[in-house]
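As given, the protein sequences belong to chains A and B, one line each in that order.
Quick note on my numbering: the first sequence kicks off at 10 and runs consecutively.
Quick note on my numbering: the second sequence kicks off at 682 and runs consecutively.
Certain hints may be false.
Pairs of lysine to any residue, SDA-like flavour, derived with a Cα cap of 25 Å [what the hints assert, rightly or not]:
#1 Lys-711/B / His-397/A
#2 Lys-704/B / Glu-377/A
#3 Lys-371/A / Pro-791/B
#4 Lys-798/B / Ala-370/A
#5 Lys-375/A / Lys-704/B
#6 Lys-440/A / Ile-796/B
#7 Lys-711/B / Arg-364/A
#8 Lys-711/B / Lys-375/A
#9 Lys-789/B / Ile-367/A
If you're looking for bench data, these hints aren't it; they were derived computationally from the structure.
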Amino acid sequence: MSHSQVCNHLRSAALVVDEYGRILERNERAETLFPQGDVAARSLDELFGEQFTQQHLPPGLLGGKRAWSIRVQGTFDGRIDCYPLEEGRKDSGRCLLILIDTHDLPESNDAMPLLDKLTGLPNIQALYDVLDRHYLVSSEEERAGALLLVAFDDVYRFDTRSGSSRGDKVLVELARKLSDLLGDSDYLAYIGDEKFVYVLSDIKRINDAETFAQKLLHLNAEPVAIGGDLFYLNISIGIAFFPYDSNDGAELVRLADRAMREAKVSGWNRISLFNQLHTDAPLEDLEYLRQALPEAIETEEIYFLYQPQYCLKRQRYVGAEMLVRWNDPRAGELGPDLFLPLAEQTGMIRSLTNRALIQAAKTFEKLEEVGASDFTLSINLSPTLLFHRDFLSDLEFFFDYYGLRGRSLHFEITENIFAHNMTVMREILSKIRGMGIRIEIDDYGTGYTSLRTLTELPVHTLKIDREYVSRIDQDLKTHRLFKAMLQTAGALGLEVVAEGVERQEEQQIIAQYGPLIIQGWYYARAMSEASLLELLK
Amino acid sequence: MNMERKSILLVDDIGFILEFETKVIESLEKDLGVKIDIDTAGSVEAAKDLIAGREYDVAIVDMNLPDGTGSDVVSIIRAKGGRTRVAALTIYPERYEEDQGNFDAYFKKPILPTIYKENLRALLQV
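Next up, chain A with everything else stripped away, as it sits in the complex:
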């Protein structure tokens, strides 16, 4: 076996192999790294054992165009960096494997391009390479998993003016602690700026990734101990899923980073998911639904139910909230909690809202036929949609060409939307109001609407969240808050809808406050358009 130039000047163990894992060259260090191994081994299988190579170095992974790096445990503990070798400008099918034993770190600097010098973990370049080559390969058995970006808050604040950096030491200790959580097929990298990235491939459900993140929070609750000093750290965790959120390594890191920043804004030691989905549904199903949604929107698979609203003063049904549903031939009946985040993410939320507007126009016509021409219909409006460049022009189109003009249309928006720029907000809402649409604040009482917001914006109705309704007969404080909200609405001249009224006890307490509209199962459940028309006859 020859010792080539390229192999021998490296102090780490190095092998040159072909795409089938046959060993072509090796250096001296490679012969001492595995004292128990066969010096005359002709393949990676013979050297490491078949189980190990199947797991870490399958033939499909060797060869190819880009360098990658993978962490290994077992036969030896450390990392393998793989550099494809070129012949002229073509791939030779051969690659150089550098085997870095954890015990050699950090003295062994051979593989530094892919290794963070301080922590000894793979760096961001290594992460991108391993993502693209190992985790994001599209094949028959598609891999699904999660990318967790774990950011620590300013460890360098512990640095003193003299002596070595305590921040550096904290980071090294963190790298060690985080490595302890690694499973067999997981990967951990340090991408700089006090940010670590886990790649978890054994994730089947979104909840699994959240469970792992919770483990990290618990781990972090213990301070880092260095030389008798204790350091308490804050972390923020952002999670993105592949191939569901993206199938591109750099994009996944960007999405997880965005989620992490959201987690940070909402307070320390939080977890945030890029896609806002908290579900037990398998990731493959979500990917399927994401692809099926555009087609479903143009069919009857997407349909609407109507949740009637009863007016205590007029003693009759006066309106309904439209609720979107999806009956997928494969996945069955789906609720909006599952597919609205998908729609937000893929931009399909605009088409879904268009479908709702067209449906509303048709329902208004039928309502008129049964003599309910002042009956109102409420449509939920996504905040992202409201700020879209084309939102108002699309809306005007539906008003003019689908006959929505002059109808009793309401838009429901959640309180969270008021976190946006108030000037822009006021302008858009005023235009909507100018078209004759009434604005309702949905889930009122769960967000951050200030009284000033309510006076400044053209709001018509407050929909009090069911949280204040469902315990109103059992909890005096809830009862008082409910009353306070009614007084606020009264002072500002706003209408009130109480949501989620289900039991008679709730209805009785609420009814004593007079001119209210009640929405909930106590009066009627969500129903089809045909049932609604029947109810109103």
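Add chain B to chain A, keeping to what the hints say.
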């Protein structure tokens, strides 16, 4: 007043989409002050008959038809010659890469009114 006239052929088998497209085109007519004649066909066969009788300025063709594909329709239009500009209406433009030479544009489904209008205006060259 001598108003400019344009003609459009819409090919789609779903009534709801034909209705949607027709309304968007009516709104474009109003924006531009141009008269636009609209013919609709629900199949490749129906489209074939209409194409034989008239040279349209623009055809907008759904890729999934009950008796064939949008590619069949564009072939009929190209075989006849003339200057009809043809757009494919599809959720998956990337699936029809081999037909790229035949189509002048791709309109993405589901239809969004403002974008559809902008694209159609460009295709009509008005």
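The hints, checked one at a time:
1. Lys-711/B / His-397/A: holds (24 Å)
2. Lys-704/B / Glu-377/A: Satisfied, since the Cα-Cα distance of roughly 22 Å is no more than 25 Å.
3. Lys-371/A / Pro-791/B: Holds, at about 19 Å.
4. Lys-798/B / Ala-370/A: Distance ~21 Å between Lys-798/B and Ala-370/A Cα, so the pair holds.
5. Lys-375/A / Lys-704/B: Holds. Lys-375/A to Lys-704/B sits at ~20 Å (cutoff 25 Å).
6. Lys-440/A / Ile-796/B: Answer holds: Lys-440/A to Ile-796/B is near 21 Å, not above 25 Å.
7. Lys-711/B / Arg-364/A: holds (23 Å)
8. Lys-711/B / Lys-375/A: With Cα atoms ~28 Å apart, Lys-711/B and Lys-375/A exceed 25 Å; violated.
9. Lys-789/B / Ile-367/A: holds (19 Å)
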